[in-house]
Amino acid sequence: MKIRNLSYPVIILAAFLTVFFTNPAYNVRGKYLEETISHLGNLPTELLQSVSLEFKGVIADFLLMKTISFMGMKIVEQENPDKEEWQRINQMLIRITDLDGRFRDPYVLAEMSFVWQAGMIDEANILLEKAVKNRPDDYTPLYFLGFNHFYFLNDAEKAAVYLRQAALKPNAPDYVKGLAARFSLYSKQTALGILFLENLLQDTQDKNIRMYLEKRLTALEIIDSLEKTVIAFRESFQQMPTSLDDLVRSGLLENIPADPYGGTFFLMDNGRIYTTSKLVAPLKK
Amino acid sequence: MNNIFAVISITFKEGLRQRILYGVIISALFVMFFAVLFSGWFMRDISKIILDFCLSAVSVGGLLIPFFLAVNLLSKDIERKTIYAILAKPISRTQYILGKFGGLIALAAVVMSILSASSLVSVWIGKLLYGARFFTDFSLLAFTQAVLMSWLSVAVLIALVVVWCCVTTSAFLATLLTLFTYIIGQTIDDVVRFLSVDTVGVEISATVEKTVQVVKYIFPNLAVFDLKLQAAHNVILPFGEFTTIGMYGVCYCIVALSLAVLIFQKRDLA
Amino acid sequence: MYTNFMKETVITYDQVFKTYKADIRIKKKALTGLHFQVQKGEVFGVVGPNGAGKSTALKILMGFVRADKGNIDLNGQSPTNPASHKFVGFLPENPCLYEHLTIIDHLKFCARVNGYSSQESVQKIQNLIDLVDLSHSATIPIRRFSKGMTQRAALACALFHEPEILILDEPMSGLDPLGRQLVIEIIREYNKKGHTILFCSHILTDVERMCDRIGIMCNGKLASIIKPEELAQNVYSQTTNGEKKTPLESFFLKTVEEQSL
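Residue numbers (this note's numbering), protein chains in the order written: chain W, 1 to 285; chain S, 286 to 555; chain P, 556 to 816.
The hints are simulated quantities; they were obtained by calculation from the structure and are not laboratory data.
All C-beta atoms in this analysis are idealised placements derived from N, C-alpha and C, irrespective of residue type, glycine included.
Be aware that one or more of the hints could be misleading.
A few chain S residues that don't get close to chain P, going by computed Cβ distances all over 12 Å [said to hold, decoys possible]:
1. Ile310
2. Ile311
3. Phe319
4. Ala391
5. Ile410
6. Asp475
7. Lys495
8. Ile521
9. Leu544
Below, computed lysine to any residue pairings styled on SDA-like, alpha-carbon distance capped at 25 Å [to be verified]:
10. Lys207/W - Leu480/S
11. Lys133/W - Leu48/W
12. Lys501/S - Lys215/W
13. Lys583/P - Ala778/P
14. Lys366/S - Lys641/P
15. Lys366/S - Met704/P
16. Lys551/S - Ser610/P
17. Lys333/S - Gln91/W
18. Lys584/P - Lys747/P
19. Lys624/P - Pro637/P
20. Lys582/P - Arg365/S
21. Lys582/P - Arg621/P
22. Lys551/S - Thr574/P
23. Lys361/S - Lys747/P
24. Lys576/P - Thr453/S
25. Lys495/S - Asn27/W
26. Lys366/S - Phe572/P
27. Lys361/S - Arg621/P
28. Lys747/P - Asp628/P
29. Lys31/W - Val497/S
30. Lys215/W - Thr264/W
31. Lys366/S - Asp628/P
32. Lys366/S - Ser692/P
33. Lys551/S - Ile503/S
34. Lys551/S - Phe642/P
35. Lys366/S - Thr574/P
36. Lys583/P - Ile289/S
37. Lys501/S - Leu544/S
38. Lys361/S - Ile310/S
39. Lys583/P - Arg365/S
40. Lys66/W - Ala456/S
Take these sequences, add in the hints, and give me the full structure.
Put into structure tokens, the structure is as follows:
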């Protein structure tokens, strides 16, 4: 009977302590968490596949969740995973897509994070090529591939090829078809680029990516207007201007606009405008 | 107290004589032998690989108690009416529950101790075969921490098995619930982390978030007791952190057992 | 406090009701107002058709099952109090002892629970094993025992601490005539020492031979209580359908028939 009376406060105390210690326990584990990702990422993908038996889908989902948590955690802690950690994430996404090739999310994750935050264009493209094979009825991977080639690799020709393929897919929105057509017909990269970016901005909700896109769009719009000014100059004066200062002196341009990327705009021989920054933000860290 | 020890003793003896236990130990020893062999193919992080295998074997050995033995010794006890042999004596239901729990964690402790000892033998053999230079950082303390926490994890699971066996008469249902508990226990950590971080392109409804916030205090987080990776890399947990996890586990067991006792008091043992 | 007062009541059932709610749709009424008492030192046998509630009555007495209504008194205490088992020995129906343990393990457990030291228990265990005639099988695990052997082993466990009250649920079921004889003798000897015996059984001949009073249970309550002497005195129809029946059998059948009307 004495035990009885003693046990109630003990139980209440235990319940309270359990709640009290829950968060600290989670935190302790969090400290040592990153090990798990490297562990799974190093498993040969064939082994992972055979071990998953008939549960590949579920395991792929689970691994993606782990990967996203890992990324998110890193971002919370240090603002960006480092090179090695990005590679680990890449390894994870490769294994996830090996388990479930049609799984859309890992590809989207790769496109959103690899190209914008890690500068890993090639790795993203490899994954996207996989998506093209595994998701034959989806325009998105082709669209992303087109964008990557245009925006990051400055290969408009290849971009056009991808966009054309994307336009053929059943779920491609109309503007993709329009974009593909224009890429084939016109060589005016800037105008197309502006169109491309405007459409992409319509699709994208993520604040950070919108920032990148808007910056690029502004830069292209400036380039576009400068190129138009060059044409106006040529029509007025029957000759090409030698530099942008000519445009200012002639009164067609008020002043040379600033490059959102911090470089200086200059006039190229063929009448095209480019910038010393090459439209690339200076690398942090 | 004497009564509780009596029940612990009889549970322990009955469990020990089950042949499954010997199968477990033989299989685990096999795994450890294989670990030593397997690690030789890597010739790099040998210590880590041997410890990975061995600590996993220790965990699996321990887990066999809640999954196979516990349900046998609890649900079947009621099904086959062997429980009468105990409750016909002046033993209260509380003492019965605590005694059963004690017997089961004692069995887990014995199994895991044997497997841990074999692990250390594996490490020693590894040292002999491949050279001590691969094992210079080997930390017995880290290893012990991992084994102890693994045992605590098994204890928490056993406490919940006791709850399930009090709730349902069916041995099958109890096993199923144990399986779900284990899966939830291992994954809740990831789920909570995933939901607590704002990541690119992932939208979570407010209801789900709130539910998880509550649920994380109810479901046991079994992943916090997993120190295998730390031990494999010879990382020692500071005393404070070790105690935190320990307290979480112990308190959770107390609460679970209290619940079991409460449920069991009302149960008809027809 | 020991009193040599033969009329002292040790077991009381006072209007006990119990309904099993096993199935949501079907509620089984096990006890419907069970009401009787057992005096100290007597042998009380409960008989009844299957499903009458005999086992339930004993399980409620031991606290394994809770009654819905009514009072039960066991040795001056409530059955839900484990202390009430201190002076009580129980033999369940189809006793299942732990399969992998031996009878010695079980008796050691009994010894420990009842506070015997290891030295005291050694001799006691040996005596009990001899009493139930299991000396040759003392170290064999229970799963190798025959039904009769298991029954005797369980009886030994029930008798270990020399309880004042012995409660047996179908003690003779499944035993061969030799085994039955042994159990009857043990029970008789035990009763001679002044202990109370309450048991239920199907085997009317044994009940007739052993009991001081017999209770006939029907549909969850005690239909009548009769003494064997009374049975002999009153002439009940000795034949039913041309078959010769014992007095108890006839009385039993008659009572059951009356109850079902």
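Tested hints:
1. The Cβ of Ile310/S sits about 17 Å from the closest Cβ of chain P, beyond the 12 Å cut-off, so the non-interface label holds.
2. No beta-carbon of chain P comes within 12 Å of the beta-carbon of Ile311/S; the shortest separation is about 18 Å.
3. Taking the minimum C-beta to C-beta distance to chain P, about 30 Å, the non-interface status of Phe319/S holds against the 12 Å cut.
4. Every CB of chain P lies more than 12 Å from the CB of Ala391/S, the least distance being 16 Å, so the non-interface label holds.
5. The claim that Ile410/S lies off the interface holds: its Cβ sits roughly 34 Å from the closest Cβ of chain P, which is beyond the 12 Å cut-off.
6. Listed as outside the interface, Asp475/S is consistent with that label: its C-beta sits roughly 39 Å from the nearest C-beta of chain P, beyond the 12 Å cut-off.
7. Separation of Lys495/S from chain P is adequate, the least Cβ-Cβ distance of about 34 Å exceeding the 12 Å criterion.
8. Distance check for Ile521/S against chain P: the nearest CB is about 41 Å away, which clears 12 Å, and the non-interface claim stands.
9. Non-interface call for Leu544/S relative to chain P: holds, since the shortest CB-CB distance, roughly 19 Å, exceeds 12 Å.
10. In summary, the hint linking Lys207/W to Leu480/S is supported, as the alpha carbons are separated by about 19 Å, within the 25 Å threshold.
11. For the hint linking Lys133/W to Leu48/W, the alpha-carbon distance of about 21 Å falls within 25 Å, and the restraint holds.
12. At roughly 42 Å between alpha-carbon atoms, Lys501/S and Lys215/W are farther apart than 25 Å, so this suggested pair is violated.
13. Between Lys583/P and Ala778/P the CA atoms are separated by roughly 19 Å; this keeps the pair inside 25 Å, and the hint holds.
14. Pair hint Lys366/S plus Lys641/P holds up; C-alpha atoms about 20 Å apart against a cutoff of 25 Å.
15. Proposed proximity of Lys366/S and Met704/P is supported: the alpha carbons are some 17 Å apart, at most 25 Å.
16. Our distance criterion of 25 Å between C-alpha atoms is met by Lys551/S and Ser610/P, whose separation comes to about 19 Å.
17. Restraint check for Lys333/S and Gln91/W: satisfied, since their Cα atoms lie roughly 21 Å apart, inside the 25 Å limit.
18. About 37 Å separates the Cα atoms of Lys584/P and Lys747/P, which puts this hinted pair outside 25 Å; it is violated.
19. Only pairs whose Cα atoms come within 25 Å are accepted, and Lys624/P paired with Pro637/P is accepted, the gap being roughly 20 Å.
20. As the CA atoms of Lys582/P and Arg365/S are separated by approximately 23 Å, the hinted pair is consistent with the 25 Å bound.
21. At roughly 15 Å between alpha-carbon atoms, Lys582/P and Arg621/P fall within 25 Å of each other, so this suggested pair holds.
22. For the given pair, Lys551/S sits about 15 Å from Thr574/P by alpha-carbon distance, which is consistent with the 25 Å threshold.
23. This hinted pair does not check out: Lys361/S and Lys747/P have alpha carbons roughly 38 Å apart, beyond 25 Å.
24. Between the alpha carbons of Lys576/P and Thr453/S the distance comes to roughly 14 Å, so the proposed pair stays at or under 25 Å and holds.
25. For the hint pairing Lys495/S with Asn27/W, the CA-to-CA distance comes to about 19 Å; that is within 25 Å, so the pair holds.
26. The hinted pair formed by Lys366/S and Phe572/P meets the criterion: a straight-line CA distance of about 23 Å does not exceed 25 Å.
27. Distance check on the hinted pair: Lys361/S and Arg621/P sit about 21 Å apart at the alpha-carbon level, within 25 Å; holds.
28. At most 25 Å may separate the alpha-carbon atoms for a hinted pair to count; Lys747/P and Asp628/P meet this at roughly 24 Å.
29. For the hint linking Lys31/W to Val497/S, the alpha-carbon distance of about 21 Å falls within 25 Å, and the restraint holds.
30. The suggested pairing of Lys215/W with Thr264/W holds, with an alpha-carbon distance near 15 Å, which does not exceed 25 Å.
31. A hinted pair counts as satisfied when its Cα atoms are at most 25 Å apart, and Lys366/S with Asp628/P qualifies at roughly 23 Å.
32. A C-alpha spacing of about 22 Å is found between Lys366/S and Ser692/P, which places the hinted pair at or below 25 Å, so the restraint holds.
33. A hinted pair counts as satisfied when its Cα atoms are at most 25 Å apart, and Lys551/S with Ile503/S qualifies at roughly 23 Å.
34. Straight-line distance between C-alpha atoms of Lys551/S and Phe642/P comes to about 24 Å, which keeps the hinted pair within the 25 Å bound.
35. Between Lys366/S and Thr574/P the alpha-carbon distance is near 20 Å, which keeps this suggested pair within the 25 Å criterion.
36. About 35 Å separates the Cα atoms of Lys583/P and Ile289/S, which puts this hinted pair outside 25 Å; it is violated.
37. Between the alpha carbons of Lys501/S and Leu544/S the distance comes to roughly 18 Å, so the proposed pair stays at or under 25 Å and holds.
38. A distance of roughly 23 Å separates the Cα atoms of Lys361/S and Ile310/S; the hinted pair therefore holds under the 25 Å criterion.
39. For the given pair, Lys583/P sits about 21 Å from Arg365/S by alpha-carbon distance, which is consistent with the 25 Å threshold.
40. In summary, the hint linking Lys66/W to Ala456/S is not supported, as the alpha carbons are separated by about 34 Å, beyond the 25 Å threshold.
The structure is inconsistent with the numbered hints 12, 18, 23, 36 and 40, although it conforms to all the rest.
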